[in-house]
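> So you can see what is in the structure, the chains are spelled out below.
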Amino acid sequence: MKKLSLKMDLCGECGGCVAVCAFESLDLESQGLRIKEELCTLCNDCVVFCPSGALEITDKE
Amino acid sequence: MKDKYDCIVVGAGPAGSMAAWVLAKNKHKVLLLEKHKEVGLPLCCAEAVSFRGLSICEQVNPAWIRSKIEKIALCPPSGKELKVSYSSAGLVLDRKIFDRDLALRAESSGAELKVNAQAVGLINNNRGEICGIRMKKDGRESEYQTKIVIAADGIESMVGRWAGIDNALKLEGVDSAYQYLLKADPLDQECIEFHLGTKIAPGGYAWVFPKGKGLANVGLAITPSLGNNIKAKELLDFFVMKRFKNFSVVEWMTGGVPAFSRRSQLVKGNILLTGDAARLVDSLSGAGIANALLSGKIAGQVASEYLVNGGNSPDFLKKYEEEFLKIKGRELRFYSYCRKIYLKMRDEDFEEVIQFLKEYLKDEDSTRLTPIQTLKAILRSNPKLLLLLRHLVW
Ligand SMILES: Cc1cc2nc3c(=O)[nH]c(=O)nc-3n(C[C@H](O)[C@H](O)[C@H](O)COP(=O)(O)OP(=O)(O)OC[C@H]3O[C@@H](n4cnc5c(N)ncnc54)[C@H](O)[C@@H]3O)c2cc1C
Ligand code: SF4
Ligand code: SF4
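Listed in order, the protein sequences are those of chains A and B. Under numbering that gives the first Met the number 0, the first residue of the first sequence carries the number 0, and numbering increases by one thereafter. Under numbering that gives the first Met the number 0, the first residue of the second sequence carries the number 0, and numbering increases by one thereafter.
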């Protein structure tokens, strides 16, 4: 099983990933980016968008 | 539900603070929400704006301005750059000061500003109309009533989506950017630079915008669908190594720039979308400050008129979209067309266009040319080779 994961130290909180996600599974809160796993289809668009490589699709432990 | 407002503005960037200011000046009860604990942070911007763009604010505070642009350099992959003197090209701002000042100006005119306050949803009445906002502050949710909502919540905007506007961006309709604030040398403090080329920045460009005191915003944007999985950060690191002999990184930031599309919707019922939330960015240059200011201002004016003539139906608010597009629609559509061509350009096309401009600008007074005139001249010279003078576009 796969999931979307975030490397927080690389994230600049620009919100671009939120804007490209067509499934509203990302939310940029005041404390940082939140992934709503239950809505994510693993379409990969946010991973391609992210300017710093902070997002990746990884195996679920 | 708690307090009642005439208008709730979501997001205290340039668009939101402008809208809140106009409404507050007209004595309406306005709430301006900012989810961060400080206005103006984190910042994702290269901070350049034209004099005309900045004058939309009406009262300009000199403390906003970090440097004046006197020259522009366009650098194609070969390095055979074109440098033009252009004394009225624009300014580089300090947006931390600028954004905070605009929010405080709205507040001193009577708007209520709440920071650390995130809008998390809209509230419908039993007729299905939007009548309020849910807001989260310090971990607690509360509800506020309002007659109008102005969405100024930037690229990550959710307000429009909650209202049923599908404005998710496609990977070819957004720029993915990374920027450093560098202490660097060599640097010409009066000259802004644009570096073009499919290997330097596929579907985008790299920039150097001096900010005074040996500092500069040095960034790079790509169109992610053309990036072949290379990240803007990797390309920028490579560019910085090549461009500067010495440098040290003072700050870094990531950024997303939405491109305007014909589909962009500005009004739905009593919700008005402004600035980046409405995708009102020049699709070619990525400039959005002036459009954010103008859309915020017009949204505030139309909302104010609506509130005064209480009998109006929400259809009246469509006037905002009409008025904004009357002023900016043609320009935004033109740049969006130019972006499509730009994304197809190859390195030899960049060389040819810069060659053309070297000749063209010899005969013309560049300070009198508008960006659109220059772009049209390029198109006329060879419709295939369109290089937009992105710098002239703010
Ligand atoms: C790398 C980069 C370089 C750029 N360079 C330039 C340039 O040189 N010149 C130029 O003109 N433009 C530039 N732009 C574009 C410019 O930064 C934007 O167009 C401009 O900031 C848009 O203003 P805005 O008010 O619409 O949104 P923003 O400035 O993004 O403000 C939105 C605000 O809303 C807040 N918010 C979001 N959601 C919520 C919520 N739910 N509740 C409460 N608050 C919320 C955010 O925290 C933010 O403060 C650049 C953009 C990038 C990414
Ligand atoms: S795109 Fe990347 S840097 Fe920007 S908010 Fe998303 S994860 Fe963070
Ligand atoms: S992988 Fe796709 S669905 Fe999942 S968060 Fe990213 S963009 Fe949204």
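Note that these hints are calculated values from the structure, not bench results. Since the structure is predicted, the reported quantities are computational estimates derived from the model, not experimental observations. For each residue, glycine too, the CB sits at the ideal point set by N, CA and C. Don't take each hint at face value.
Stated by the list, open to error - Taking lysine-lysine pairs in the BS3-like style, the calculated list, with each CA pair at most 27 angstroms apart, reads:
1. B:K70 / A:K35
2. B:K169 / A:K6
3. A:K6 / B:K135
4. B:K36 / A:K6
5. B:K95 / A:K35
6. A:K2 / B:K36
7. B:K70 / B:K36
8. A:K1 / B:K169
9. B:K79 / A:K2
10. A:K6 / B:K70
11. A:K2 / B:K95
As the list claims (entries may be wrong) - Cβ pair distances, simulated, as ranges:
12. B:K3 / A:G31: 30 to 40 angstroms
13. B:E69 / A:M0: 15 to 25 angstroms
14. A:L38 / B:G328: 31 to 41 angstroms
15. A:I56 / B:K357: 28 to 38 angstroms
16. A:E37 / B:P61: 17 to 27 angstroms
17. B:K95 / A:K35: 55 to 65 angstroms
18. A:E60 / B:K357: 52 to 62 angstroms
19. A:D58 / B:F50: 18 to 28 angstroms
20. A:L41 / B:E321: 40 to 50 angstroms
21. A:S29 / B:S260: 50 to 60 angstroms
22. A:E60 / B:G328: 19 to 29 angstroms
> Which of the listed hints are broken here?
1, 5, 6, 7, 9, 10, 11, 13, 15, 16, 17, 19, 21, 22
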